[in-house]
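**Q** The primary structure of each chain is shown beneath.
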Amino acid sequence: MTTQHTTDGHRPAIRGFLAQFFGDHQPADEDDIFATGFVNSLFIMQLVLFVEGEFELTVEDEDLEMANFNTVAAIDAFVARKRATVAGD
Amino acid sequence: MAQSIRTVGVVGAGVMGTGLAQALAVSGHEVLLVDRTEEILARAEQQIQQGLRFGRVLGAQGAGTDRRVVAKRIRYTTEYEGFDGADFVIENVTEDWDIKRGVYQRIDAVCRPECVFAANTSVIPITRIGAATGRQDRVLGMHFMNPVPLKPTVEVIRGHHTSEETLDTARQLLTQLGKEGIVVEDSPGFVSNRVLMLTVNEAVYLVHEGVASAAEVDQIFRSCFGHRMGPLETADLIGLDTILQSVEGLYAAFSDSKYRPCPLLTRMVDAGLLGRKSGQGFFAYPTTAAS
Numbered sequence: 001m002t003t004q005h006t007t008d009g010h011r012p013a014i015r016g017f018l019a020q021f022f023g024d025h026q027p028a029d030e031d032d033i034f035a036t037g038f039v040n041s042l043f044i045m046q047l048v049l050f051v052e053g054e055f056e057l058t059v060e061d062e063d064l065e066m067a068n069f070n071t072v073a074a075i076d077a078f079v080a081r082k083r084a085t086v087a088g089d
Numbered sequence: 001m002a003q004s005i006r007t008v009g010v011v012g013a014g015v016m017g018t019g020l021a022q023a024l025a026v027s028g029h030e031v032l033l034v035d036r037t038e039e040i041l042a043r044a045e046q047q048i049q050q051g052l053r054f055g056r057v058l059g060a061q062g063a064g065t066d067r068r069v070v071a072k073r074i075r076y077t078t079e080y081e082g083f084d085g086a087d088f089v090i091e092n093v094t095e096d097w098d099i100k101r102g103v104y105q106r107i108d109a110v111c112r113p114e115c116v117f118a119a120n121t122s123v124i125p126i127t128r129i130g131a132a133t134g135r136q137d138r139v140l141g142m143h144f145m146n147p148v149p150l151k152p153t154v155e156v157i158r159g160h161h162t163s164e165e166t167l168d169t170a171r172q173l174l175t176q177l178g179k180e181g182i183v184v185e186d187s188p189g190f191v192s193n194r195v196l197m198l199t200v201n202e203a204v205y206l207v208h209e210g211v212a213s214a215a216e217v218d219q220i221f222r223s224c225f226g227h228r229m230g231p232l233e234t235a236d237l238i239g240l241d242t243i244l245q246s247v248e249g250l251y252a253a254f255s256d257s258k259y260r261p262c263p264l265l266t267r268m269v270d271a272g273l274l275g276r277k278s279g280q281g282f283f284a285y286p287t288t289a290a291s
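Top line first, the protein sequences correspond to chains H and U.
For what it's worth, the working numbering labels the leading residue of the first sequence as 1, then goes sequentially.
For what it's worth, the working numbering labels the leading residue of the second sequence as 1, then goes sequentially.
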């Protein structure tokens, strides 16, 4: 049984993961994390593996769009959408 | 006349070999990937699957690419199986001359005489590699950059005996891969690593001496010079063990103290902090290590 996350509930975990790379320079919810200069495009691989592991979901090939992963808000919305599908809501 | 290339042997299933196998398979080649153990090959296969999975979002392959079909073009072997049918072989083993020499003697015996050998090396002289084979005119250097599927340009090195035809065959392969080559003469470190390794080593000295943190060093390169990656993140991506071997190789080749390896670099390699591939180098790569 997994914990029920509200939309906002995903953000602390996402921010916690990003903190390992950004330190004190956390991006705001809508900032493009790939445009900050702290990470490069390869970072999306680590990020997707984190999202799959942390939120117990599978990122399908068609989900692998930068638009789903480039901001804290986008990741949050993506996770909420995927979990809603899994739960059948 | 350049020869047509269909089957490519890739020796060494490390970071470069797996990236290369992926790029070759995506471009329609049959690939034979060889390494010493089944474990290494199993890890390589996993990395290639992941590389193909992320290929589209990273721009390494088109949207229509069926990654299952692509993955089937790669055969994994510990015994150079099928190398007698290879049109081209690219060697990516560790930068250790004794190991490389053994590999060239082996493939020279197995491969057809017309098969071209490319050394994906950063510091070992191509002319010396050619001399270890009975086909010196068909040996050249092809220094691919990491990650191979994403880098559009390759440093191509002409050994003392490398023929024009061999260079043409290599150019043809690069065209098939959607890449371009820049041909340079044989010299330790060639162009790219002669400069890059010295830069990375000096950046490590700055951290070692406490002048700046790794993050600060890299931030200066990104923000001030517009580099996409700082030298230390680049070092993590390449692998600190490879960096150390390259710096030592340059030191041995030129007998010039400007290439003396920073003690911090040696210590990190001794400690197993190899960068992205081990999960920790100058920076941390948490999920990569766990996956």
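Derived from the structure by calculation, the hints contain no laboratory data.
Every value quoted in this text rests on a predicted model; they were computed, and no experiment measured them.
Do not take every clue at face value.
Stated by the list, open to error - Distance ranges between label pairs, derived from CB positions:
hint : chain 1 : residue 1 : chain 2 : residue 2 : range
1    : H       : A77       : U       : E114      : 42 to 50 Å
2    : H       : D31       : U       : Q46       : 30 to 38 Å
3    : H       : N40       : U       : E202      : 57 to 65 Å
4    : H       : D29       : U       : S187      : 31 to 39 Å
5    : H       : N40       : U       : D270      : 42 to 50 Å
6    : H       : F22       : U       : K151      : 23 to 31 Å
Beta carbons are placed, not taken as given, at the ideal position from N, Cα and C, and that holds for glycine.
**Q** Out of the numbered hints, which ones does the structure contradict?
**A** Numbers 1, 3, 4, 5 - these are the hints that the structure violates, sorted from lowest upward.
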